[in-house]
Amino acid sequence: MKDILQLARAHIVTAIRERVTLFWFLIFPVFLLTVLTLIFGQVNQEPTIHFEISLVNEDIASGTDSFSALVESILVQMSMPQPNAETPLFTLHRALHGGSPSFLEAELTALRRGDRAAILVIPEGFHQDILASFAGGGAGLALRLYMSEASITSETAASILEQTLAGINREILVRGGMYDDTESIEAETVWVGQAEDQELPYIDFVLPAIVLMGFFTNGLFGVTGTILFNRDRKVLQRYWVTPVNVPRYLAGFALGHLALCALQFGLLFSLGKFVFGATIGFGDPLTLFLLLLSAVTFMAFGFFISAVSKTANAGMAIANILNMPMMFLSGMFFPIAGLPAFMLAIVYANPVSYLLEGLRRSVGVQAGTLMPAQLTILVPLGWILVSAVVASRKLRWDVER
Amino acid sequence: MTYALQVKDLVKRYGDVHAVDGISFDVPTASVFTILGPNGAGKTTTLEMLEGIREPDAGEITMLGKRMLKVSRAAKQHMGVLLQDGGFEPHLKVREILQLFSSFFDRALPVSDILHLVALEEKAAARVKTLSGGQKQRMAIGAALVNDPDLVFFDEPTTGLDPQARRNIWDILSELKSRGKTILLTTHYMEEAEALSDVVCIMDQGKIIAQGSPRELAAGLGEETLIEFRLDDVDAQTLQPLESCCKRIRIDASQVLIETLDLRETMSQLLDWAEKTSKDFHDLRVRQPNLEDVFLSLTGRTLRE
Chain B
1 MKDILQLARA HIVTAIRERV TLFWFLIFPV FLLTVLTLIF GQVNQEPTIH
51 FEISLVNEDI ASGTDSFSAL VESILVQMSM PQPNAETPLF TLHRALHGGS
101 PSFLEAELTA LRRGDRAAIL VIPEGFHQDI LASFAGGGAG LALRLYMSEA
151 SITSETAASI LEQTLAGINR EILVRGGMYD DTESIEAETV WVGQAEDQEL
201 PYIDFVLPAI VLMGFFTNGL FGVTGTILFN RDRKVLQRYW VTPVNVPRYL
251 AGFALGHLAL CALQFGLLFS LGKFVFGATI GFGDPLTLFL LLLSAVTFMA
301 FGFFISAVSK TANAGMAIAN ILNMPMMFLS GMFFPIAGLP AFMLAIVYAN
351 PVSYLLEGLR RSVGVQAGTL MPAQLTILVP LGWILVSAVV ASRKLRWDVE
401 R
Chain E
1001 MTYALQVKDL VKRYGDVHAV DGISFDVPTA SVFTILGPNG AGKTTTLEML
1051 EGIREPDAGE ITMLGKRMLK VSRAAKQHMG VLLQDGGFEP HLKVREILQL
1101 FSSFFDRALP VSDILHLVAL EEKAAARVKT LSGGQKQRMA IGAALVNDPD
1151 LVFFDEPTTG LDPQARRNIW DILSELKSRG KTILLTTHYM EEAEALSDVV
1201 CIMDQGKIIA QGSPRELAAG LGEETLIEFR LDDVDAQTLQ PLESCCKRIR
1251 IDASQVLIET LDLRETMSQL LDWAEKTSKD FHDLRVRQPN LEDVFLSLTG
1301 RTLRE
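In the order they appear, the protein sequences are chains B and E. Position 160, counted from 1, in the first sequence is what our numbering calls 160; the numbers after and before it change by one each time, with no gaps. Position 130, counted from 1, in the second sequence is what our numbering calls 1130; the numbers after and before it change by one each time, with no gaps.
If you're looking for bench data, these hints aren't it; they were derived computationally from the structure. There could be a bad hint or two in this list.
What the hints assert, rightly or not - The list that follows gives simulated cross-link-like pairs (lysine to aspartate or glutamate, EDC-like), each with its CA atoms no further than 20 Å apart: (1) B/Lys2 x E/Glu1060; (2) B/Lys234 x E/Glu1055; (3) E/Lys1207 x E/Asp1085; (4) B/Lys2 x E/Glu1055; (5) E/Lys1070 x B/Asp398; (6) B/Lys234 x E/Asp1085; (7) E/Lys1129 x B/Asp232; (8) E/Lys1129 x B/Asp115.
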């Protein structure tokens, strides 16, 4: 065991003493987290241009010429492609015959999962309430708006819906022949998911992504570089002439690598929590498991690249080529829902997407496009398996002759 | 006589190339056994098989009394290996490297003892990347000796070092020999083999072409004495008048080597010839045959070719 611990120690000490490694392992993620938080910390809205919105009309009984039907038709109109116009702001999901409780339940599930930005409900009796308000009575004109605090896009969609309601309001007043002394329609907001009346700070959105990015670069560049440069410089060959064998070396290497990831995570989490006021926690067992799974997946990915590379320089070139697409096509820094199909194919093959999705979900920060929960664990496990098989068959531990 | 290592019919092929072609030898316990040969002779491949880096295609190895087809992990507990060009983590310190290698073995000497043996006490806290070539090589020797091995492999330990650093390495090897360690050394430096070896085994093109003590091998060439000098614009025709008074004349560029059984007669005629032809000798030297001459005699080539 002492050999494994000493190998782990050597790996850690080397990484910390090497300036380039230190920069990419620790300084760069901290720098990126700081810059992103400072720049986007005040902006809680993503620049999303298309939403998925649900409409549940519980007042279907009031007929097709009711105010309820008017609200529905205006929203339907807005969701239609307009001639010579850009893509509509939202896609409207609705039941053909109003909305049954089961439809609303299904849509609420979709909202919680992040598949809907908001749900607007026209309550039963809405038409009658408007008529009553024209007559000077009634109990108030309230639509119900369900929003998910866990999704940043939800707030943007709600804001647009409120503007739309203001327009509908004017339309109703005109139809009623009244211009004042009448109640306006208000949207009664119902929060779904997170604690109510609490905005999601940007740091909470970006912190899991930066943690994962750190693990990713550790795996992609740290593992690949260490293995291949040590092989090319014949450092490994020096080990093989001693009783140390490949499994023991790997155990020491993995231990050191995971310790470095833990160190990196501790630093980023401390910075996020104590400097930028992150509210999310990582103490949940599932979250801790996903962090470990992420570190191991990316470490395995480093072994995969090492296995298919003849030299250290070739390995680093492959890592560089994969780095940007894998990071950016994972939803780390922007939503991936609106990407073209060919890019989505990369997203769905990318283990980073799944790990990020799982991690954000486990800390209560959902991303725009979601995968089934079990895939956030199964796909990375699949990558670990593939990498392990390829590495065990292809990885050379000494210089080719 | 006991043997720390016995090798029988060892073979290693790379495609059609027979890097090691069925060699056999015995290394007596507590001796320095040197494999001498030019680059590409198969020395390093032989050592790599004995060190467990490569598996032999055929042959048998008996190491410290145990027969094996390939070197086992248990055997490595008693071996020390200095690779020809193995590297170290450049950011680790000398002491950390020795501690790391000590952790690989069941039994290890105190790091301070190793630092003393390789004279690196003052550099214990220095990072590997700051060491000179000689210091790095001494540290590598230290790493090879952390387990106080019975059998030590040194693969060209002084290649690329300056004369002082080379002498320091020789001192360490002599110290190990005095402690009763068995050393298997490879080198292409003739003087190194002569200075350190009890037994020299000369390899060329994957085969052993001669074996014995340096004195025995040199004696095998006969009783001749060698006269060596440098001469400008020299060729076989120029020196033809001297052929009658010597056994053989070799010319390598401006370097001339005359083998003779009658030194006085040959020297006398050589000086007369120089007087008559007004030739000027440079670096005139009279010496006995050495291992370089043995190799030259056996292969027609020098060790450095």
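| task | Would you list, in rising numerical order, the hints stated earlier that this structure does not obey? | result | 1, 3, 4 and 8
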